[in-house]
Amino acid sequence: MPITVFLLFALVKSLIAIGILLSLVAYIQLAERKIVARIQNRLGPNRVGPFGLLQPLADTVKLLTKEDIMPSTAHKLLYLIAPAIAVTMALLPISIIPVGRDIHVLGYTTPLQITNINIGILFILAVTSLGVYGIVLAGWSSNSKYSFLGSLRGGSQMISYELALGLALVGPIMLAGTLDLRGIVEAQSHIWYVIPQIVAFFIYLTAAFAETNRSPFDLPEAEGELGAGYHTEYSSMKFAMFFLAEYINMITVSCIATLVFLGGWHGWVFGPGWLQAILPVFWFCLKAAFFLFLFIWVRGTLPRFRYDQLMGFGWKFLVPLALANVLVTSLVISLR
Amino acid sequence: MYPVLFFIFAGLAVAGAISLLVQRQPIYSALSLVAVMGALAALYLLLGAEFVAAIQIIVYAGAIMVLFVFVIMLLNAQPAEAPGRSRVARALGYPLLGILIAELGGMVAAHFQNVKLTSGEYVVHVAQIGDALFRSYLLPFEATSILFLAGILGAVLLAAHTEDEAPGKLYIGEAPPEPNLIPYDSTEGSTTYNGAGQPVRTDLPAHPSSEEVRS
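Which chain is which? The protein sequence lines are Y and V, in order. At the far end of the first sequence sits residue 336, using the working numbering, and the numbering has no gaps. At the far end of the second sequence sits residue 1215, using the working numbering, and the numbering has no gaps.
Since the hints were made in silico from the structure, they are not lab data. Treat the hints with caution; some may be incorrect.
Covered by chain V, according to a simulated footprint, are these stretches of chain Y (three or more residues, beta-carbon under 8 Å) [as the list claims (entries may be wrong)]:
| no. | stretch |
| --- | --- |
| 1 | 47–55 |
| 2 | 223–234 |
| 3 | 251–262 |
Quick list of in silico lysine to any residue cross-link-like pairs, SDA-like style, CA-CA up to 25 Å [said to hold, decoys possible]:
| no. | chain 1 | residue 1 | chain 2 | residue 2 |
| --- | --- | --- | --- | --- |
| 4 | Y | Lys145 | Y | Phe51 |
| 5 | Y | Lys76 | V | Leu1067 |
| 6 | Y | Lys76 | V | Leu1033 |
Quick reminder that beta carbons are idealized off the backbone N, C-alpha and C, glycines included.
Extracted from the complex, chain Y is given alone in its bound form:
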């Protein structure tokens, strides 16, 4: 494939991915409000459009037209770039997530992802580990005690659970023998890794909730203690960027869980040719949507942890368990 065609394909795929992603974030947020409302026996937003379906549009307009406030004692440069770092590091992993098999367009074969790299999983871990800077710098540069405490909590929580997250992924990587996300999915054509790696699956899920700062690990934005956490001083579109980053991170970890543990696009394929082409993508989306629903469901169900419980659970339970899982998995592989 000539480089110009490659670049054109990459550009088109990036635009499609960002378009889908932004509208998905808007509607996940509406779904969250609706589902949590059901769980709490309320109705949720239902005024804007039929069943409240236009609510995300109204919210966006509201966020865009709000006054943009900059605290007078803030460190200006860092205060401005912190939301940009958060969104950038949230968007980057999406570029290598494959949603289906290769497709043929205009005589060229191209993967259903923006680009394919050999070290897919490591790339995602590397980029998410940089996402900490967005949170930490936001809290520090706002020069406010609530923001600062929230960012310290968020930063240390993300560093701590990154370890368990990475170790949980080692088991499936060893079984598949590759770091390439497509390779990991193809290795699951017989059995999904959720069955042999059930322990790793639950470690990954728990760590993913903490990594995305979602309930029950949403201590960085515990309203009762910290105002709104690290983005207390942010308003208007800058606040919306943190919001966006959080939801994109949710989508990313849901997609990784689907690819690594639930067999990606593997599923029941039947019917005529066009249906056979669409079904793998449909299965992938369905599995990822299940994890997104799980995020919302857990938020509506579980109370928030205490901070020392969170740290103790991460370091004293999840990390040793993940290490034991790595040990047992490698033992089984070497004896096989």
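Given the structure of chain Y, go ahead and fit chain V onto it with the hints provided.
Here is chain V on its own, set in the frame of chain Y:
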């Protein structure tokens, strides 16, 4: 294409390193170092060393530098004030810097004809790295691990409180018994009740009745 990318990222690394030195605000220095790490990772990628590039980002930029930033933030490090420069330093420093640059430039120029900017030729797979680490270089690898472990244990020991003040204190060996906070035995039978049927603590000095106080 490759030479252009190389010079972009090499320039970025050098610019970050200079910025690290000249920044007054400690947090900007730390962030400059993060930029240097990122540029180095990009250079590794250009060489085809994908694994090393990813590890460079995960370990240095994502873990070690975050700790640096944490410490700077927690200690609330203030911008450094320019120290009064000594005349000797000024007299010696700039000429020495000139000599260093000249020497480095000379070395680069001497070898420049033989240098080819090739990239992406050394694609190493993760399996090969694992093979090398756990077969060919097993002993150095394990020795380094033990060194790290010793370092971690040393840090824990230094950070652990050795006096009796801290609540989250680390005991080496057996922990002392918990202090008994309930000074009296509240088993049934030994409890006496007052007229209203409420338990009365017999181990405390009897409360003076109102009549005794009045007299």
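Discussion item. I'd like to know which numbered hints this structure contradicts. Please list them from smallest to largest.
Written reply: 1, 2, 3, 4
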